[in-house]
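Undergrad: Take these sequences, add in the hints, and give me the full structure.
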Amino acid sequence: MINKQKNNKKSKETAKVILQSIGLAALVTSVMVFPGLAHVVKWVEESARESRLRAKRVLNDLQKRKVIKLVKDGSGWKLYLTKKGKNQLKKYQLKDLKVIRPVRWDGMWRMVMFDIPESSKYLRDFIRRKLNTLGFIAIQKSIYMHPFPCKEIVEFFRDYYRLKAGELYIFEARVIEGEKILKKYFKLK
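With the first letter of the sequence shown counted as 1, position 78 gets the number 78 in this note's numbering; the numbers rise by one all the way through.
Below, computed lysine to aspartate or glutamate pairings styled on EDC-like, alpha-carbon distance capped at 20 Å:
no. : residue 1 : residue 2
1   : Lys-164   : Asp-125
2   : Lys-187   : Glu-177
3   : Lys-84    : Asp-61
4   : Lys-130   : Glu-167
5   : Lys-86    : Asp-96
6   : Lys-86    : Asp-61
7   : Lys-183   : Asp-106
8   : Lys-86    : Glu-155
9   : Lys-90    : Glu-155
10  : Lys-151   : Glu-172
11  : Lys-141   : Asp-115
12  : Lys-141   : Glu-167
13  : Lys-90    : Asp-159
None of these hints come from the bench; they were simulated from the model.
TA: Spelled out as structure tokens, the structure:
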């Protein structure tokens, strides 16, 4: 039973790596196409025999679940991320979000505010929990502060949750009231 859970976890991690690789290639090429299987095949070949077999099983499973689509054309094989695959990749990205602490603070405060309707209470609560997890501090129920760049996180939330204009904002400021307490909280000089 434990061995089966361990293998299942490894398979899920392998699927995540494959989807992230395809997604990264898509960002580089600006389309959701992964030309050829060279990168995946190389990665598979460099792995141990067990890992190669798992990767092949995972690729087949991803194809069966219509997460990826493998197409042969005149120049070789192409691996496409389907709509379902794009959604799965976004879920992985949401789970892996992080605010990166730069070597030197730029002296700017980031204030994230949201005004999401009562009918979407679950979404408001999720955004609150996620902002807390990412290290933001709540100033009010819908206003959070952070000293480090986080615009991409706000844009990701807007895209992922299809938020309308005016439902999620980010502001930057050099001077804010209560800065001394915030500096202490974030361990800034």
